[in-house]
Amino acid sequence: MLEYRVEIALWAISGIIPFFMLNIWTNNNLNESINISDVLLSRYFLCAFFVRQFSVVWVVFSFEEDSLMGKVSPYLIQPLNPFFRYFAQHLAEQITRFPFALIIAFFFFIFNPESIWMPNLGILVLSIVSTFLSFLIQFLIQSIVACLCFWTEKASSIERLLFIPTLFLSGLLAPVVSFPAYVKSWIYLTPFPYLIDFPANLLSGNETNISGGLIMQIIWIFLLFPLFKKTWSEGTKKYTAMGS
Amino acid sequence: MVQNIIDVRNLSKSFDISSKEPGLKGTIKHFFRRQTKSFKVIKDISFEIKEGEIVGFLGANGAGKTTILKMLCGLIYPSEGSVLVSGYLPFRRKEKFLKNITLIMGQKQQLIWDLPPIESFYLNASIYDLDKFEAKKRIKKLSEMLEIDEELFIPVRKLSLGQRMKSELLAALIHEPNILFLDEPTLGLDINAQRNLRKFLQKYNKETNATICLTSHYMKDITSLCKRVICVHEGAISYDGKLDLLLKKLSPVKEILIVCRSEEDAIKLENSGFTVKNKIKNEITIKIENNSITSSLKTILNNFDIEDLFINEPPIDETIGKVLIKKKYDI
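So the protein sequences, as listed, match chains A and B.
Counting from 1, position 190 in the first sequence corresponds to residue 189 in numbering that gives the first Met the number 0; the numbering is continuous, with no gaps.
Counting from 1, position 239 in the second sequence corresponds to residue 238 in numbering that gives the first Met the number 0; the numbering is continuous, with no gaps.
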């Protein structure tokens, strides 16, 4: 995919949902209800855009296509789990997305000069770590769903079910802080707020529990990894190498 | 004594396949009450293969040849029986085992479509823990053997089928495996590319003593590479043995076209006790058993005035075709 630079640029631009959401929030003065200033809210959605750019995962679709077309077969007999290939592809594309994301941020600051800020080095490093952990969580969740291809062939349908809570509970459409208190307490027990909301709040300088968020991210990785390993080892026994 | 490198005992494989009746009614029925049937595609087969052997798997479409190869290389899990390849249970896919084998499927590719093959070679080299120097050395050696050079730097999508197949082979052999599973490796290649590929495989086998298991629908691949064949019919082995023995058994006679100097000689020959297939003027076609070819030809040349003669081998495809539709061949 790295061969197609225009495609990557379009993908980067297609991730601008947070900017639409920012527009809806500020035009309707919704931020007043959660006591967040316009500036902090615009920074939050810009950071949500950045986090999304560097944590977006599509492994379930790639694996499903490769599995149905029989392309997984040659990878399965190599001494490297095929998911490492997808992992490397994601990382490579994230690096390529970086300049496009910077250009979008540049235009964002031109239209919102009051939002310009520079996070301190410590926060920047922690935000990068947290974004990478968010990517790992999403990659593991989708890899587990992708392994269901060995049973259902159309695992991406299951991923679409997961997309709904991801969209609403991750902080992509609204900061999690805007949810009612009793809902929030449940949301924070799921992996979703640690995908966008936590790293975006961290990077934008909004109030957030840094150590608690990072610990929850690590806990989710430790829970998901063995589940992935188990699904993978059971699934490969079911593999029929169709299409090859 | 040469060791068995592949040992297969009472191996079977079943697949659960769902069937659907046509039309809307069939679709609704399929949605709510899916009917699945278990198909035993490999039925209780046993064989051994020795180190350095080249064995051809023959069979009609759907006979189970590819399924056997897939179980041998660990791609699919056997339903019953045991498989040992190089001392390993293939489906466990242990690193040491995987570093020892390769699988090439004529209709599938592992090269990265949008990048030049050289990128895939270096990626494979890292996967198989080869350092850059060693990888470079092996790429040079294999590309010389396969006669590819500039193609290494052209995106795969722009290569011809033959160039792509050669690159696939290089990618699959960079780790110098000593067991090769080849599933129709010459599929779609032109005659010259097929011949080059066969020459390469012979050379690779000679130089490395690699064991090769091959399936192909091109009989030339089988006859020029394999001394031994395993014929598969509806998931069971119908013949396992030497190819030349099978051919002798299936075509015990040869047809000889003799051009006599005169029609009188042709008539004399027609009445001399040989089995005559047909006679047109001074040309006569006779059938002679394989084991008496030399003596019969000696008699003919000594007693008749012969202008020319041609020995016709029966077409190999026709001969092998007879095996593919039979359940059992004992020789």
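Mixed in with the good hints, there may be bad ones.
[What the hints assert, rightly or not] Heads up, incomplete: computed chain A residues facing chain B, CB under 10 angstroms, no partners named:
1. Met-68
2. Lys-237
3. Tyr-238
Hints are computed from structural coordinates only; laboratory data are not their basis.
All values reported here derive from a predicted model rather than from experimental measurement.
Built from N, CA and C at the ideal position, the CB exists for glycine as well.
For each hint, the structure was consulted:
1. Against a cut-off of 10 angstroms between C-beta atoms, the interface hint on Met-68 of chain A holds, since the closest Cβ of chain B lies about 8 angstroms away.
2. Interface restraint check for Lys-237 of chain A: the shortest CB-CB distance to chain B comes to about 8 angstroms, inside 10 angstroms, so the restraint holds.
3. Taken as an interface hint, Tyr-238 of chain A checks out: its beta carbon lies about 6 angstroms from the nearest beta carbon of chain B, inside 10 angstroms.
In summary, the structure agrees with every hint in the numbered list given earlier.
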